[in-house]
Amino acid sequence: MIWPHRSQPLWYAFVLHRVSGVALALFLPVHFYVLSFALRQPERLDGFLRWTDLGIVKAAEFGLVFLLGVHMFGGLRLMALEWLPWSPRQKTFAASAAAAAFLISVTFFLNAA
Amino acid sequence: MLDLRLYILQRVTALIMAPLVLGHIAVMIVAVRGGLSAEEILSRTQGSLLWAGFYGTFVLAASVHAAIGLRVVVFEYAKLKGLALSLFTWAVFLALLFMGTRAVFAVTAP
Amino acid sequence: MPTDSSFLDVDVWRSGAESFQNFQVPARDSQTVLDVVTWIQQHADPTLSYRFACRVGMCGSCAMMVNGKPRWTCRTHVKKVAKRGRIEIAPLRNLQVIKDLATDMSDFFDKWVAAEGVFHPTKTREDEIEAIRPDTPERISADAAVECINCGVCYAACDVVAANPAYLGPAALNRAWSLVNDLRDGALAERLEAVSHDGGCHNCHSHQSCAAYCPNSLNPTASIAGLKRETVKAAFRRGR
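Protein chains in written order, with the working numbering: chain A, 62 to 174; chain B, 412 to 521; chain C, 823 to 1062.
This is chain A alone, in the form it adopts within the complex:
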């Protein structure tokens, strides 16, 4: 629920961190499961990898790379907030984290396309 008291940028930064974290945690088992075919059944792994040629799967991969990037950069912001001398520029840092994640995921997408 976006209640009035939550309408501040750093609350959205929290939502992004939480959503990306949960999404990555749910993706991990799938990722591990597919890779575990590599040794005994490489043809099954190839079967999965062929999916990645599809545009929609490429878009999903772009999304995953973005989530990974934004969770990492956003997490680094939080650790800097906790462990380095206080900076009042947290909104700028949060925006920069999202921008850096976007840059990385676009680079990935353009290479994959």
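Treat the hints with caution; some may be incorrect.
[What the hints assert, rightly or not] Not the full set, but computed from the structure, chain C residues with beta-carbon under 7 Å of chain A:
#1 Gly890
#2 Lys891
#3 Ala979
#4 Ala1009
#5 His1027
#6 Ser1028
#7 Gln1030
#8 Ala1034
#9 Asn1038
#10 Ala1047
#11 Lys1050
Simulated from the structure, these hints should not be mistaken for lab results.
Just so it is clear, CB atoms sit at the ideal spot from N, CA and C, and this is done for glycine as well.
Fit chains B and C to the supplied structure of chain A, relying on the hints for placement.
Just chains B and C now, kept in the frame of chain A:
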């Protein structure tokens, strides 16, 4: 719900993973060029202690980090607590560690 | 809906009916939200319960949710918060309601004590007064956290408190941090222990809503970050 010990574990695993994530994304950007194939992935990773160490560390840190992260989410939204919450945390950790180790073994075993 | 701009359209939470009750309140120049509540109680419905004391932003007793945001109502001008002449006034979030706009602050103050927000003197009245230089890092950190008026605005703004009722909350932890930096205090280890439990400082998600709404512009998030650092340092010193 998050005590000092879990807080330290969460931050330490995050710090370990930061460079690993950057490395992983770099590998992905390079590897994805010209499409992915099992053969291409295996030719890079099979029998490599370096990649086994890299992704083995990654799997261990990610399993701890995801288990603690999901613990907080499940506590806050599903109101799970006490023993049930501890069991949930351990189950997530062990499941991810098992599946992740199996995957790392599959791509790096000689 | 008011068509007359000389009246404010005010919805006030009534605990008996568990719903908002509408009042039309005469608009005035330089009118605070507390003035609006007081007008209703004196001219429209004397059974309306609310709490205030000083009316000048010092005592911290008049905080309420105004259009969904926690505010000190005596220092909040209607002009700043009214949306097209409309105001919604509710009791502070995250606290039990006693009646209408008055909340039970017991949890809030109990957590203040639970966080060891209590001064433990190291000297007696026979000793010399300890000189604290104003330019030491500890004194500067304590200064930054010390002007709290216990209004509960940060506590109502905090989503961690909402999700975890055991969480000590921004005000109590902010108070603990100012005492961690008090060189005259003798209970540092106990205090760091007190803020390290299930409801302790490590649960803070750094939303910074507390800092965003604090009427005295304090930054409990920064104080809590300080507690996180000191508790971790203490744990490594103990070799845990």
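Hints, one by one, checked against the model:
A distance limit of 7 Å between C-beta atoms decides the matter here; for glycine 890 (chain C) the minimum to chain A is near 3 Å, and the interface restraint holds. For lysine 891 (chain C), the shortest C-beta to C-beta distance to chain A is roughly 5 Å, which falls under 7 Å, so the interface hint holds. Interface hint status for alanine 979 (chain C): upheld, as the beta-carbon distance to the closest one in chain A is roughly 5 Å, under 7 Å. This hint is violated: alanine 1009 (chain C) has a C-beta 24 Å from the nearest C-beta of chain A, more than the 7 Å allowed.
Evaluation of the histidine 1027 (chain C) hint against chain A yields a held restraint, the C-beta minimum of about 6 Å falling below 7 Å. Here the hint on serine 1028 (chain C) is kept, as its CB sits about 6 Å from the closest CB of chain A, short of 7 Å. Because the beta carbon of glutamine 1030 (chain C) sits about 5 Å from the nearest beta carbon in chain A, less than 7 Å, this interface hint is met. Using the Cβ-Cβ criterion of 7 Å, the hint placing alanine 1034 (chain C) at the interface with chain A is satisfied: the shortest such distance is roughly 5 Å.
Look at asparagine 1038 (chain C): its Cβ only gets to about 16 Å from chain A, farther than 7 Å, so that hint breaks. Interface restraint check for alanine 1047 (chain C): the shortest CB-CB distance to chain A comes to about 4 Å, inside 7 Å, so the restraint holds. Checking lysine 1050 (chain C) against chain A by beta carbon gives a least distance of about 5 Å; that is within 7 Å, so the hint holds.
Of the hints listed earlier, those the structure fails to meet are numbers 4, 9, in rising order.
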